[in-house]
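Chains as they are written, first to last, in the working numbering: chain A, 41 to 379; chain B, 41 to 379; chain C, 41 to 379; chain D, 41 to 379.
FYI, nobody ran anything at the bench for these hints, they're computed from the structure. Owing to the predicted nature of the structure, the values given are computational and were not obtained by experimental measurement. Honestly, I wouldn't trust all of these hints.
[Claimed, not checked] List time: in silico SDA-like cross-link candidates among lysine to any residue, alpha-carbon distance up to 25 angstroms: (1) K374(B) / K116(A); (2) K239(B) / V208(C); (3) K54(B) / A178(C); (4) K114(C) / I58(C).
4 protein chains.
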Amino acid sequence: MIIQLKLDITEPQKESIILEINQMGYKITEVKTQLGEYLVGIGSKEIDIRRIGHKEGIQDIHIVSDEYKMVSKKWKAKPTSIDLGDGILIKDGDMAIIAGPCSIESEEQIKSVIQHLKDNGITMMRGGVFKPRSSPYAFRGLGLEGLILWYNLAREAGIKIVTEVMQVSQIEEMYPYVDIYQVGARNTQNFNLLDELGKVDKAVMIKRGISGTIEELLQSAEYVFSGGNEKLILCERGIRTYERASRNTLDLNAVPILKAKSHLPVIVDPSHGMGIRAYVPQMALAGVMAGADGIIYETHQVPELAYSDGQQTLDFAQSALLADQIRKTFALRKTFSLL
Amino acid sequence: MIIQLKLDITEPQKESIILEINQMGYKITEVKTQLGEYLVGIGSKEIDIRRIGHKEGIQDIHIVSDEYKMVSKKWKAKPTSIDLGDGILIKDGDMAIIAGPCSIESEEQIKSVIQHLKDNGITMMRGGVFKPRSSPYAFRGLGLEGLILWYNLAREAGIKIVTEVMQVSQIEEMYPYVDIYQVGARNTQNFNLLDELGKVDKAVMIKRGISGTIEELLQSAEYVFSGGNEKLILCERGIRTYERASRNTLDLNAVPILKAKSHLPVIVDPSHGMGIRAYVPQMALAGVMAGADGIIYETHQVPELAYSDGQQTLDFAQSALLADQIRKTFALRKTFSLL
Amino acid sequence: MIIQLKLDITEPQKESIILEINQMGYKITEVKTQLGEYLVGIGSKEIDIRRIGHKEGIQDIHIVSDEYKMVSKKWKAKPTSIDLGDGILIKDGDMAIIAGPCSIESEEQIKSVIQHLKDNGITMMRGGVFKPRSSPYAFRGLGLEGLILWYNLAREAGIKIVTEVMQVSQIEEMYPYVDIYQVGARNTQNFNLLDELGKVDKAVMIKRGISGTIEELLQSAEYVFSGGNEKLILCERGIRTYERASRNTLDLNAVPILKAKSHLPVIVDPSHGMGIRAYVPQMALAGVMAGADGIIYETHQVPELAYSDGQQTLDFAQSALLADQIRKTFALRKTFSLL
Amino acid sequence: MIIQLKLDITEPQKESIILEINQMGYKITEVKTQLGEYLVGIGSKEIDIRRIGHKEGIQDIHIVSDEYKMVSKKWKAKPTSIDLGDGILIKDGDMAIIAGPCSIESEEQIKSVIQHLKDNGITMMRGGVFKPRSSPYAFRGLGLEGLILWYNLAREAGIKIVTEVMQVSQIEEMYPYVDIYQVGARNTQNFNLLDELGKVDKAVMIKRGISGTIEELLQSAEYVFSGGNEKLILCERGIRTYERASRNTLDLNAVPILKAKSHLPVIVDPSHGMGIRAYVPQMALAGVMAGADGIIYETHQVPELAYSDGQQTLDFAQSALLADQIRKTFALRKTFSLL
């Protein structure tokens, strides 16, 4: 149960509502975001909404039977729109393109990518400065210093920054330089990180866990939302299955399901989802047709020389072609009446 | 190693080649199909092709390092085209649409589907008369009688028949009435069935196993090909993973990979791959963009009354819309230079 | 619902029961096995047992809500005992050991294995004469001829034969020489094969599918039982997961679950379940502690020279040691009060 | 390559070695633990050990081709023994029993568990005070306050504490009260947490990831070891597969494989691995036979009233029985010559 409170509700009014709900055997969590204030009631009993419906200070009451509540479409039919400023949006009915290298490597590399993005009308750039690596001996990224370097070049060019945050202590130090905090697939259930990201007012893109269910992804988003941050984006990036012909199994089924269950925008990452350069474009376009609100993919001036993930990274010519195909495919999709 | 023989090769010439290859430590399988004659050599040693290259009766020699040989693109770059007669083809560069109910149920049902297909320019109809069911107590299909009934109605309407064969003894009795024998996901590794299908001259569509790898699907096709039948179609229909929000996980990654590894056409089945009606169209279109040569989906006049799989079956209005969208999406894809 | 009929029931009595149940909206399947006669009623409505309970000819009525019925423990609490003759049994409360090579290769090989089994008090021998192989070019077994050779040597030695049947046409030709028909993991859902095995009066051991659920294994057994054959054994042999450090993932969880849900004996195959020789013994013993009624494993005089599966096959010294350890572990388990 | 340095090596000697290895094209990581000092060289070229073998300050050189280095058995054949003080050890050749509730709930609950452990000679207690929960609305544990309460009661009773650490900031505050830091399955690849646990001198038990490979578990351990902490324990707790009849699929194959690849002790968690109370004992004993060095399981005075995981928690009578059976099974295993 979600009770949306009026903006001008008084404390006594709120306490009275909470009291009543507690008496009904429900546990209450107060959720206060940048946009509104809610009471989330968790309980298993059937309840009689009339017992609270008349109370003052209530905007609306929604029964949400899913395990996740605030990210469910059942109470908020209007899709969430993420506004990054300068007219750059990620939202239902639009097609966001986010491109860039796996790792931020050098000033020269950043400049070449930015030039490529600008040449192709792409306004959001991905890149890792903190890299989660299976082996402790692998390259772990340029860190904050790299991020600042990147920020200075990107701001000038009007490019937004999407980059992974790996731990709580990085949130604050990254804050001035980041447009979208990315939560990586290995951190999808790092609940402390999610809790803390609920406290910031910048967008958060959560990747589906390595073997995370669709339900778990939504519950991870629920952590951030219930922590106070509504600016959420979901990302399908492939799951782990028995098949090894591709790096991961890109689960495009997840796209229409997530779109139907949640009001949050959904992005597809074909680079990690497939893992083989030659087939990334097909999977990107398949993602568009599956209903994605955006595509995030890896590109690098010379993929063979990339510090990481080179085998799944497009060169600039491929990237330019793909961006154009994504837009044309999306234009066609818009003419269809799909769910 | 595949040695393509000349059509006019003499027995002594062939024996001489076989002798030489055996001496090189390779095991030979003779493959004689409707279209040609080949020697498939299996062995692990490096060999010197010059030892046999000069021999008479040889058309061409190909080194194929994959576990599968005859279905590999490495020796046959030209895509295989399946000709069902009456100008109906399944092939690379074209978009086949196969639609119909999960189970053949009655004369009335067949007629209504055929009318729907004709109204929408669809020339191939799917339907099960022998149904593999997990429980022995479930409906197992109308059997041969149902197939004959269907055949009579379909032939008149110029519609081709795609239906599942479950066991060796059915191959012959089904033969007069079938255009494409379908091998179901539970029979992908029923090697005796595959062997016997190698002996017929009608097309065979092999579905990927419930948890089959891409490599295993190709090896299953190799069984049929090496048995003598080149008319093969591969079908991605979703794999079993931990995710339960959809019936199966449609692995569209498999489409470009299969297209790159093999010369056989690849069909996508979004109905089984997703399992939820509302999301079948998106996945069908995603399949087109992933590079499929055709889409097979389930439709029924009243899906709610279907004997089986109703939850993933489109009604005729949805089907008509989807067929149109498939064609438009394919038309766009053709303008792209994808692998 | 399972209605166990009296042995002396009359046709009119039976018809009267069937009529009544049909009127209750239930579909009836008549099951006649070597041991008894049953009516299996399938339906979803709550029914009032009193409407049929008084009818003549009824031995007992059981409500079984599982998808599988006859193999459920809910109607038959007494465990099924498989009697192979000569005092050789597979049953709850006992520990069957079945050992032998992956493939039957030669007279000499058979003799050496039989001698090894006799030296170690093992009375059941496994071995393949029809081999399911992913590649059509691999060794496919010695066939019926090999089985007859084996049979002649085994009968003399008092050894029972466990071997795989791959297709319907083999059932009859193998019949005189087989003690337990094995259904391989790729055929667990070959429903026609299961149907036909329901008609024979020899034991059938069904291996769990490559990615089969526990529920599906029980439903496959239901096919054979409802076809008329109660002599069933279930076998856990490892499932397909993302992990590749072992050949399969031996799912020992399945053992206590199968024992709790079904009255059928459960065998564990650590050779395929692990796939690495050095770790087969540990997994065999783990299987015993998990509650298995028997262990089936691969052994060969010189595993390195085996035609197939050599990497997971024990030599005779390892096998002798393991047989002894299995017995000691089982002796200890019997002193525990486990479910 | 691992170069074990002499304890009395001088800085110039060390620098000279590093210089030489760098010149060979290898990247060096210096690892300094409580027990020793090492140089880990990462590179792909074949190297000539004689180029450094003569250098002063070197204790030993080991070529380790695995991705993980310090946790590999290839350089340290002697199994690692974890000494918790008061004669309580976790080590190869011994059988550790760790029992306790899923969550720490109250003083009364702690007391009842401690009494039960003492009655049964169990010296290590598990319990969660920081609980990772899929839903933000679920009980998240008593936190540090609960840990201190527990510590005071446990210390008095001579019981060691095993409890989960979820984030970097908790490491220090938990330090005085913890004997073994547990890294949960959702944090196995929380690399920052692993890095920081490398800096403490208390034991760390790493659970295998929800869908983690055996290789990834060893690489996660490598993070902690290369950070400076050799006191590591590995824990198999079940993996995520398509099977839903059990909560997870306990992968006992992992036990002998981990024991063969690494010098670290291996613990089995049958409670999470199975998830159904009635079958936990069988899986615990199976784990012992698979080669585990210890078993960790959940017990509670009244499992039905437990705050979490009640369905997989043993009551005290079951726990007492199991502890006895574990010891007897281990005693039998010790008489076997298993790998």
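Consistency of the hints with the structure:
1. Between K374(B) and K116(A) the alpha-carbon distance is near 39 angstroms, which puts this suggested pair outside the 25 angstroms criterion.
2. Restraint check for K239(B) and V208(C): the C-alpha separation of about 18 angstroms stays at or below 25 angstroms, so the hint holds.
3. At most 25 angstroms may separate the alpha-carbon atoms for a hinted pair to count; K54(B) and A178(C) meet this at roughly 22 angstroms.
4. The suggested pairing of K114(C) with I58(C) holds, with an alpha-carbon distance near 22 angstroms, which does not exceed 25 angstroms.
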